[in-house]
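Participant: Build out the structure end to end from the sequences listed, making use of the hints.
Going down the list, the protein sequences come from chains A and B.
For the first sequence, my numbering begins at 1 and goes up steadily by one.
For the second sequence, my numbering begins at 435 and goes up steadily by one.
Among the hints, erroneous ones may be present.
[As the list claims (entries may be wrong)] Straight-line C-alpha distance at most 30 Å; calculated BS3-like pairs for lysine-lysine: (1) A:Lys323 / A:Lys408; (2) A:Lys243 / B:Lys721; (3) B:Lys502 / B:Lys450; (4) B:Lys585 / B:Lys783; (5) A:Lys243 / B:Lys643; (6) B:Lys442 / B:Lys721; (7) A:Lys389 / B:Lys839; (8) A:Lys408 / B:Lys814; (9) A:Lys104 / A:Lys157; (10) B:Lys643 / B:Lys702; (11) B:Lys852 / B:Lys814; (12) B:Lys641 / B:Lys450; (13) A:Lys107 / A:Lys157; (14) B:Lys702 / B:Lys442; (15) B:Lys502 / B:Lys839; (16) A:Lys408 / B:Lys852; (17) B:Lys783 / B:Lys818; (18) B:Lys585 / B:Lys818; (19) B:Lys641 / B:Lys852; (20) A:Lys172 / A:Lys104; (21) B:Lys702 / A:Lys243; (22) B:Lys560 / B:Lys532; (23) B:Lys818 / A:Lys408; (24) B:Lys852 / A:Lys243; (25) B:Lys818 / A:Lys243; (26) B:Lys839 / B:Lys783; (27) B:Lys596 / B:Lys560; (28) B:Lys839 / A:Lys243; (29) B:Lys643 / B:Lys839; (30) B:Lys852 / A:Lys2; (31) B:Lys721 / B:Lys643; (32) B:Lys501 / B:Lys532; (33) A:Lys408 / A:Lys326.
Hints were generated in silico from the structure; no laboratory data involved.
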Amino acid sequence: MKTFIGIDLGSTTTKAVLMDENRQVLGRGITNSRSNYDVAARVSKQEAKIAARFTLFQNALGSGGGADLLLADLERNFRLEQFLSELNQLEETCNGYLDHERFKDLKGPLREALDSVFKAITAEAPTIYAPGAERKSDFFRDIAGSRFMSLAETVGKQAGISFDVLLNVYDKSIIDIESLVSSDETVSRQLLNGLSRALREVAGVKVSEAAAQQALESVLAQELEETYVVGTGYGRVRLPFPKEHIRSEILCHGLGAHMMFPGTRTVLDIGGQDTKGIQVDENGIVVNFQMNDRCAAGCGRYLGYIADEMNIGLHELGPIAMKATKATRINSTCTVFAGAELRDRMAMGENRADILAGLHRAIMLRAMSILSRSGGVDEEFTFTGGVAKNEAAVKELRQLIFENYGEKTINISAESIYTGALGGASFAHSAVVL
Amino acid sequence: MSHQDVVKSQSQLLQKEMISRNYDRITSGESKVSSTFVPGNLNELLMCFDIANNLPEINAIQNAMRKKSGEMIASAERSGHSEDVCTYVKADIGMMEKGNIAPNGKPFPNPDMLLLSYTGCFTFLKWFELLREQYRCPTVMLHVPYAADGKPTQNMRDYIVKQLKEEVIPLMEQVSGIKFDIDRLREYLRKSALAEDDLVWMLEQSKRKPSPIDCYFGGVYYMGPIFTAFRGTDEAIDYYKMLRAEIEQRIELGLGAQTPEGEMPEEKYRLVVEGPPNWTSFREFWKMFYEMGAVVVASSYTKVGGVYDYDNFRHDPEHPLESLADYCLGVYTNRNLPTRVDMLARNVKEYEADGLLINSIKSCNSFSAGQLVMMREVEKLTGKPGAFIETDLVDPRYFSAANVKNRLESYFQMIDQKRRAGA
Numbered sequence: 001m002k003t004f005i006g007i008d009l010g011s012t013t014t015k016a017v018l019m020d021e022n023r024q025v026l027g028r029g030i031t032n033s034r035s036n037y038d039v040a041a042r043v044s045k046q047e048a049k050i051a052a053r054f055t056l057f058q059n060a061l062g063s064g065g066g067a068d069l070l071l072a073d074l075e076r077n078f079r080l081e082q083f084l085s086e087l088n089q090l091e092e093t094c095n096g097y098l099d100h101e102r103f104k105d106l107k108g109p110l111r112e113a114l115d116s117v118f119k120a121i122t123a124e125a126p127t128i129y130a131p132g133a134e135r136k137s138d139f140f141r142d143i144a145g146s147r148f149m150s151l152a153e154t155v156g157k158q159a160g161i162s163f164d165v166l167l168n169v170y171d172k173s174i175i176d177i178e179s180l181v182s183s184d185e186t187v188s189r190q191l192l193n194g195l196s197r198a199l200r201e202v203a204g205v206k207v208s209e210a211a212a213q214q215a216l217e218s219v220l221a222q223e224l225e226e227t228y229v230v231g232t233g234y235g236r237v238r239l240p241f242p243k244e245h246i247r248s249e250i251l252c253h254g255l256g257a258h259m260m261f262p263g264t265r266t267v268l269d270i271g272g273q274d275t276k277g278i279q280v281d282e283n284g285i286v287v288n289f290q291m292n293d294r295c296a297a298g299c300g301r302y303l304g305y306i307a308d309e310m311n312i313g314l315h316e317l318g319p320i321a322m323k324a325t326k327a328t329r330i331n332s333t334c335t336v337f338a339g340a341e342l343r344d345r346m347a348m349g350e351n352r353a354d355i356l357a358g359l360h361r362a363i364m365l366r367a368m369s370i371l372s373r374s375g376g377v378d379e380e381f382t383f384t385g386g387v388a389k390n391e392a393a394v395k396e397l398r399q400l401i402f403e404n405y406g407e408k409t410i411n412i413s414a415e416s417i418y419t420g421a422l423g424g425a426s427f428a429h430s431a432v433v434l
Numbered sequence: 435m436s437h438q439d440v441v442k443s444q445s446q447l448l449q450k451e452m453i454s455r456n457y458d459r460i461t462s463g464e465s466k467v468s469s470t471f472v473p474g475n476l477n478e479l480l481m482c483f484d485i486a487n488n489l490p491e492i493n494a495i496q497n498a499m500r501k502k503s504g505e506m507i508a509s510a511e512r513s514g515h516s517e518d519v520c521t522y523v524k525a526d527i528g529m530m531e532k533g534n535i536a537p538n539g540k541p542f543p544n545p546d547m548l549l550l551s552y553t554g555c556f557t558f559l560k561w562f563e564l565l566r567e568q569y570r571c572p573t574v575m576l577h578v579p580y581a582a583d584g585k586p587t588q589n590m591r592d593y594i595v596k597q598l599k600e601e602v603i604p605l606m607e608q609v610s611g612i613k614f615d616i617d618r619l620r621e622y623l624r625k626s627a628l629a630e631d632d633l634v635w636m637l638e639q640s641k642r643k644p645s646p647i648d649c650y651f652g653g654v655y656y657m658g659p660i661f662t663a664f665r666g667t668d669e670a671i672d673y674y675k676m677l678r679a680e681i682e683q684r685i686e687l688g689l690g691a692q693t694p695e696g697e698m699p700e701e702k703y704r705l706v707v708e709g710p711p712n713w714t715s716f717r718e719f720w721k722m723f724y725e726m727g728a729v730v731v732a733s734s735y736t737k738v739g740g741v742y743d744y745d746n747f748r749h750d751p752e753h754p755l756e757s758l759a760d761y762c763l764g765v766y767t768n769r770n771l772p773t774r775v776d777m778l779a780r781n782v783k784e785y786e787a788d789g790l791l792i793n794s795i796k797s798c799n800s801f802s803a804g805q806l807v808m809m810r811e812v813e814k815l816t817g818k819p820g821a822f823i824e825t826d827l828v829d830p831r832y833f834s835a836a837n838v839k840n841r842l843e844s845y846f847q848m849i850d851q852k853r854r855a856g857a
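Facilitator: This is how it looks when you write it as structure tokens:
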């Protein structure tokens, strides 16, 4: 079947959206951007294709008869398969490095240590992917990395090998692993293995094993032809496409927001590196835009910096700020000064939640300035980008929009991180179909 | 691209020679020197007293294009000038701190006088206060009233003429030891008008499709002689004749605008640009336009020294002092916002541009204040989309190539999208 793909290369993550000829989104994929945009683009595209195969499989199974349960379990088992397969590759790569000058004297003990670390992670894997298990990240690098670090320290100590050496082997190997993109054959095998596991595990599924296998096989046999691919985002010039396949992320975000919420006239996108205020017409065409310049204040990175300063996770900021009883006034929105401002307020005995609420307000005040310069806030308003997931940021934004522009519909999609890629896919579609 | 590879026309080479001759004159020690500003400058009047014309803004630009302004600005900041101050000023102060070396490698002499014509830029006042402090030389201020109602009044004109007669000319006589001769001034103004006719002809050629010239990046070269030390000279007349012949030839050959890398292959977008260019990354900035097929058909910056096309001003030998007054009053930054909006909107319509692009300058309030409102107004009047980018004059820290390119690409694609939607 013909498919149309949009890829949004962000500074933190790379996203892909795959749609069919009827502009129906079949799959979305996301990966960390690495230092290699080319690979990130290919991985996110493969992930979107995997998601598309899930959608097609779901369509084939229909609803009812426990199909939803089976799908959910298939996804979980597929991720486990994927993880184990990458873990295996990582181990092989690590072992490959042991002949290097730097490690060869320690080859024997290192191999033993690595063996026990990887055995332990393999044993933990089913728990990591157990039903309902929470993962801080879904990226292989993050999961394998954090487990490796924590296990290598103990194992290394017991074997009398320095942690740094083990870490060095890992660091070299993970770069190689991150530059690999799973082939369609590998994905098919992992999906079929995942399905076997799921069928064994899930009770209450009325679909027969043979029927499910057959449905999945026929979905896998279907070619997802990359009819047209559009790239967007800051790394777009690095994409291996011709120039006419590249679109500005401002246009992609405008169109993506329109597709998610057709009534959209104003879009605010707060990403890692920039904040954009975009005005679109009734067709999602951008009529005006403004973005931050020369200064990171008001971007997602500002919150990342605050989280680092406070030694807490980025995702914890919002929930803590929501406990505030008032918003501490923060005068400086400079990202670099924020740390000093923060410590100053703490020293003055201010409550941590109140300070965080103040910082969220500060970032939103910057966003409001960009919005007003782009032409204000019109009905309807759509908020996109990673920061749209932060409830405290959303709360401050709602308040400020109400204060400045009155009652407005505020749309936030659960899939808002894919807005740019969605717009890109739609551009890909119109490049061919229109 | 190395300097040898840069494509330069005969007129560009001639201009380079003219500029370097002027620097040689300034640094020779043989002429009296006045420092003064580009907008509404009184070059013809200075010529009447054989005083060489030194323009600190041009020095800052020259230093920026030679990648020297960054360290000069840093030096000025070390001596206490704030980060937010006009970067022309800081580049100038920094240049003094670094030995006051002119672009020809010779030290600038201390000026014999400072001629401050105030034309819509408040910073000019403070700048020359600093220079006066430094040089302790005679200083005269020509106060040019702001044309707040759009049109200069007779009162304003009389006020300027009075200042010329009572303050400016007497000081020039005193500094130079030469008696003022109004007929000499008339002769220079006659020559100015001749060059100005060719200049306006040139400006209007970008109404053609494709435009044979770029009226912003190319335009700053074409503006050089008329806005600096050459208005009123035979050299300027010759320069504009040569430029005109070159453009006529381009028109005959059906060529688009000339770029540093040769002819522009295709004219895809026609823009009107408001605001000065960035000088520290001038070539890189320009490339972002011509690589994407964008040509600037009109710009307000090519009116920064004086406006000739909008109300058909020419220096007038019959009314010499009055015409100097009108020149000063008509400077672009001395016009009120509705007039600037009208100029830009007319440009968008008459030059059949795809829209207005504003390059907002971080450290230049006289240009930047009100620009967003202007953009909205021009959009309303023309129905064409506007866009906004931000850079700086001569501070290399404020040119973010990725950011500018991102906005430009978005703008061009926005124009494409509008065209498709309208088709």
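Participant: Take the hints in turn and mark each one as holding or not.
Facilitator: Hints and how they fare:
no. : hint                : result
1   : A:Lys323 / A:Lys408 : holds, 25 Å
2   : A:Lys243 / B:Lys721 : holds, 16 Å
3   : B:Lys502 / B:Lys450 : holds, 19 Å
4   : B:Lys585 / B:Lys783 : holds, 22 Å
5   : A:Lys243 / B:Lys643 : holds, 25 Å
6   : B:Lys442 / B:Lys721 : holds, 15 Å
7   : A:Lys389 / B:Lys839 : holds, 29 Å
8   : A:Lys408 / B:Lys814 : holds, 25 Å
9   : A:Lys104 / A:Lys157 : holds, 19 Å
10  : B:Lys643 / B:Lys702 : holds, 10 Å
11  : B:Lys852 / B:Lys814 : holds, 15 Å
12  : B:Lys641 / B:Lys450 : holds, 27 Å
13  : A:Lys107 / A:Lys157 : holds, 16 Å
14  : B:Lys702 / B:Lys442 : holds, 23 Å
15  : B:Lys502 / B:Lys839 : holds, 24 Å
16  : A:Lys408 / B:Lys852 : holds, 27 Å
17  : B:Lys783 / B:Lys818 : holds, 9 Å
18  : B:Lys585 / B:Lys818 : holds, 27 Å
19  : B:Lys641 / B:Lys852 : holds, 22 Å
20  : A:Lys172 / A:Lys104 : holds, 15 Å
21  : B:Lys702 / A:Lys243 : holds, 15 Å
22  : B:Lys560 / B:Lys532 : holds, 21 Å
23  : B:Lys818 / A:Lys408 : holds, 28 Å
24  : B:Lys852 / A:Lys243 : holds, 19 Å
25  : B:Lys818 / A:Lys243 : holds, 25 Å
26  : B:Lys839 / B:Lys783 : holds, 26 Å
27  : B:Lys596 / B:Lys560 : holds, 23 Å
28  : B:Lys839 / A:Lys243 : holds, 14 Å
29  : B:Lys643 / B:Lys839 : holds, 25 Å
30  : B:Lys852 / A:Lys2   : holds, 27 Å
31  : B:Lys721 / B:Lys643 : holds, 20 Å
32  : B:Lys501 / B:Lys532 : holds, 15 Å
33  : A:Lys408 / A:Lys326 : holds, 24 Å
Consistency note: the structure conflicts with none of the earlier hints.
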